[in-house]
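Chains as they are written, first to last, in the numbering used here: chain E, 293 to 471; chain G, 312 to 790.
A few of these clues could be false.
Said to hold, decoys possible - Beyond 12 Å from chain G on every Cβ pair, some chain E residues (computed):
#: 1; residue: 323
#: 2; residue: 362
#: 3; residue: 448
#: 4; residue: 451
#: 5; residue: 465
#: 6; residue: 470
Stated by the list, open to error - Below are the BS3-like pairs computed for lysine-lysine, each with C-alpha atoms no more than 27 Å apart in a straight line:
#: 7; chain 1: E; residue 1: 431; chain 2: G; residue 2: 520
#: 8; chain 1: G; residue 1: 358; chain 2: E; residue 2: 426
#: 9; chain 1: G; residue 1: 358; chain 2: G; residue 2: 515
Because the hints were derived from the structure by calculation, they are not lab data. Idealized CB from N, CA, C, for every residue including glycine.
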Amino acid sequence: MSESATPYGLMAEFETPAEALHAAQAIRDRGFRRWDVYSPFPVHGMDKAMGLKNSKVGWFTFVGGVTGYTLGMLMIWYMNKFDYPILVGGKPLFSPFSAFPPSYELTILLGAFGALFGMLILNRLPRWYHPLLKHPRFKQASHDKFYIVIECADPAYREEEVRELLTSLGGRNVELVED
Amino acid sequence: MAEVVVNGVKMMAPPKELEREPLVANQRSLGWLSDAVAAIAERPTPKWWWWGFGISVTLMLTCFAMILYLMSTGVGVWGLGHPVMWGWAIVNFVWWIGIGHAGTLISAILFLLRQRWRTAVNRAAEAMTIFAVMCAGIFPVIHVGRIWFAWWLFPIPNANGIWPQFRSPLMWDVFAVSTYFTVSLLFWYMGLIPDLAVMRDRAKTKLRKFLYGFFSLGWLGANRHWSNYEKAYLLLAGLSTPLVLSVHSIVSLDFSVSQLPGWHTTIFPPYFVAGAVFSGFGMVLTLLIPLRKMCGLEDVITPRHIDLMCKVTLATGTIVGYSYAMEVFIAWYGGNPYERFAFWNRAFGPYWWSYWIMISCNVIFPQLFWFRKVRRNLAVVWVLSILVNVGMWFERFVIVVTSLNREFLPANWGYYVPTWVDILTYAGTFGLFFTFFLLFLRFLPVVAIAEVKGVTPQADPHHPLGGADRVPHGPEAGH
Numbered sequence: 293m294s295e296s297a298t299p300y301g302l303m304a305e306f307e308t309p310a311e312a313l314h315a316a317q318a319i320r321d322r323g324f325r326r327w328d329v330y331s332p333f334p335v336h337g338m339d340k341a342m343g344l345k346n347s348k349v350g351w352f353t354f355v356g357g358v359t360g361y362t363l364g365m366l367m368i369w370y371m372n373k374f375d376y377p378i379l380v381g382g383k384p385l386f387s388p389f390s391a392f393p394p395s396y397e398l399t400i401l402l403g404a405f406g407a408l409f410g411m412l413i414l415n416r417l418p419r420w421y422h423p424l425l426k427h428p429r430f431k432q433a434s435h436d437k438f439y440i441v442i443e444c445a446d447p448a449y450r451e452e453e454v455r456e457l458l459t460s461l462g463g464r465n466v467e468l469v470e471d
Numbered sequence: 312m313a314e315v316v317v318n319g320v321k322m323m324a325p326p327k328e329l330e331r332e333p334l335v336a337n338q339r340s341l342g343w344l345s346d347a348v349a350a351i352a353e354r355p356t357p358k359w360w361w362w363g364f365g366i367s368v369t370l371m372l373t374c375f376a377m378i379l380y381l382m383s384t385g386v387g388v389w390g391l392g393h394p395v396m397w398g399w400a401i402v403n404f405v406w407w408i409g410i411g412h413a414g415t416l417i418s419a420i421l422f423l424l425r426q427r428w429r430t431a432v433n434r435a436a437e438a439m440t441i442f443a444v445m446c447a448g449i450f451p452v453i454h455v456g457r458i459w460f461a462w463w464l465f466p467i468p469n470a471n472g473i474w475p476q477f478r479s480p481l482m483w484d485v486f487a488v489s490t491y492f493t494v495s496l497l498f499w500y501m502g503l504i505p506d507l508a509v510m511r512d513r514a515k516t517k518l519r520k521f522l523y524g525f526f527s528l529g530w531l532g533a534n535r536h537w538s539n540y541e542k543a544y545l546l547l548a549g550l551s552t553p554l555v556l557s558v559h560s561i562v563s564l565d566f567s568v569s570q571l572p573g574w575h576t577t578i579f580p581p582y583f584v585a586g587a588v589f590s591g592f593g594m595v596l597t598l599l600i601p602l603r604k605m606c607g608l609e610d611v612i613t614p615r616h617i618d619l620m621c622k623v624t625l626a627t628g629t630i631v632g633y634s635y636a637m638e639v640f641i642a643w644y645g646g647n648p649y650e651r652f653a654f655w656n657r658a659f660g661p662y663w664w665s666y667w668i669m670i671s672c673n674v675i676f677p678q679l680f681w682f683r684k685v686r687r688n689l690a691v692v693w694v695l696s697i698l699v700n701v702g703m704w705f706e707r708f709v710i711v712v713t714s715l716n717r718e719f720l721p722a723n724w725g726y727y728v729p730t731w732v733d734i735l736t737y738a739g740t741f742g743l744f745f746t747f748f749l750l751f752l753r754f755l756p757v758v759a760i761a762e763v764k765g766v767t768p769q770a771d772p773h774h775p776l777g778g779a780d781r782v783p784h785g786p787e788a789g790h
């Protein structure tokens, strides 16, 4: 570890989801802001333990869905009624009923794009570089270990206090991660 | 209650009658799940894989050769002719697209219904969906005759200044199938992101590190990310559910909006959806029973999973049987002589054999799934699952061909026989399907690792195996 490297945060390892959950509750109550729990799967109840609010992905899906439906209806109206009307079997040139199935599919299509891209945008992904990805022990976070990292950028971060807190919560291998 | 010790953790066992078969057998640990699933893509390529891949690629190339022959010569190379103008191409299209439906049912509908067992099978079933829709998509494109104009199906401005005609169900179909493919792919890819991160963290070679790293988008498993991820997953499941129901409904409208006796029935949309899910589960069973053996996943895809899938097959198969009965009843009760004749012709006309293959494979044989002994006998289940696939192919054959072969004027009656080109094109799509499926087995995690981990007792923070005994029970311990 070179001395010139800037630290990213303090990382502690936990063996079980219950320990990580318990530690997260304590860290939340201390008022930390820039920290996260890393786990191989979503731990049930962790959002509440961390004090996270309901995810905003739904708004992206909603906007995508409304756009899809409107686009479908307008497209069919424009093509079949406005730009090049062709009479087929005496049916109306535009009817919301026959235009519904394609518009319905477009609602779902753009809603689904909204969900995926909304998730990626809110998570600031893709991000192929991250200090944690360089840390050899962190590879276990996708295997069977749980990590809590409190970032140095947190206003309440005091290295000694945080180290003591993480150790007292049962965190093992508490160490500094270089940026 | 008796006390048991699992992996060094003491806990109380439930009374005997409340005990359930665990989703992951043999109390496998979280780490074991990563190792077992990732190993399939990491170990040296087994011999059976090369054999399977070789055969599949040969078949796939046969399919392409047949399409080339069709394009260069014309649709006359198929057995189509008056009065049967829709033949195997449409039968195969409906059959393949129906197979896809089980994957979406498992990934979306069972997720909304909180069926935790779905986690062991959803990845492979979703892959099956995507590859089946690819096979399906070939047929409507090549059956249009002048394939080089197939792009007219899409609302793209062209030199004639004419747009697609959206009052036709065939146009709805274009939107339904292409949306289905795209959304299934998105859903599958999003599910793969955390597992690709598992593969990235285990990768040894530079190329693997780069590729898995690139496609996992820098996933860290942060809980702030999981929170958005789970919401997006729920939304995609919520969107895929009406989607999958609409896709086969719209496929059925291709038939039922026409005025042909045998096609013009209101029962078609729900009947097609039930049949699709039925055939799809047949295919999932056909694929997963050998796969769990060959990939050493017996502890992840357990006999309980097979048992549950047999029950879904039984339920949907029975709905299909009910639909057949209702169709026949309405044909008689409706009093339309043409409709009555169409159904008489189905069961006792020149294609009587196809009708009775359909009835026995779809309605009679699946009734064996009522018996637990049958559901637990994997060899029998496998054979029955293939019969389901056969039966559902014949269902589409019956619907398409027997409704057309004897139309209103007896002077126009005819007997349709497929040519060798029809047969080889269909056989070739299996090559396409298995080429992709084998590549999937070789390079991607076949089981949703993160999701299966999430349904183990070790993942539950309120279970002794999840460490619940190791933390003090403060006022918030219940959260």
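Check the non-interface label on residue 470 (chain E): least C-beta distance to chain G beyond 12 Å or not.
-> Non-interface label on residue 470 (chain E) holds, nearest chain G Cβ at 16 Å vs cutoff 12 Å.
Could you let me know if the closest chain G CB is still more than 12 Å away from the CB of residue 362 (chain E)?
-> 15 Å, holds
No chain G beta carbon within 12 Å of residue 448 (chain E)'s = Non-interface label on residue 448 (chain E) holds, nearest chain G Cβ at 18 Å vs cutoff 12 Å.
Are residue 358 (chain G) and residue 515 (chain G) close enough, with their CA atoms no more than 27 Å apart?
-> Given that 27 Å is the threshold and the Cα spacing comes to 22 Å, the pair holds.
Regarding the pair residue 431 (chain E) and residue 520 (chain G), is the alpha-carbon distance no greater than 27 Å?
-> 13 Å, holds
Residue 358 (chain G) and residue 426 (chain E): Cα distance at most 27 Å?
-> Cα-Cα ~36 Å, so violated.
Minimum Cβ separation between residue 451 (chain E) and chain G greater than 12 Å?
-> Non-interface label stands for residue 451 (chain E): nearest chain G Cβ at 21 Å, farther than 12 Å.
Distal placement of residue 323 (chain E) relative to chain G, Cβ over 12 Å = 16 Å, holds
Minimum Cβ separation between residue 465 (chain E) and chain G greater than 12 Å?
-> 17 Å, holds
Violation of the numbered hints given earlier is confined to hint 8; every other hint is satisfied by the structure.
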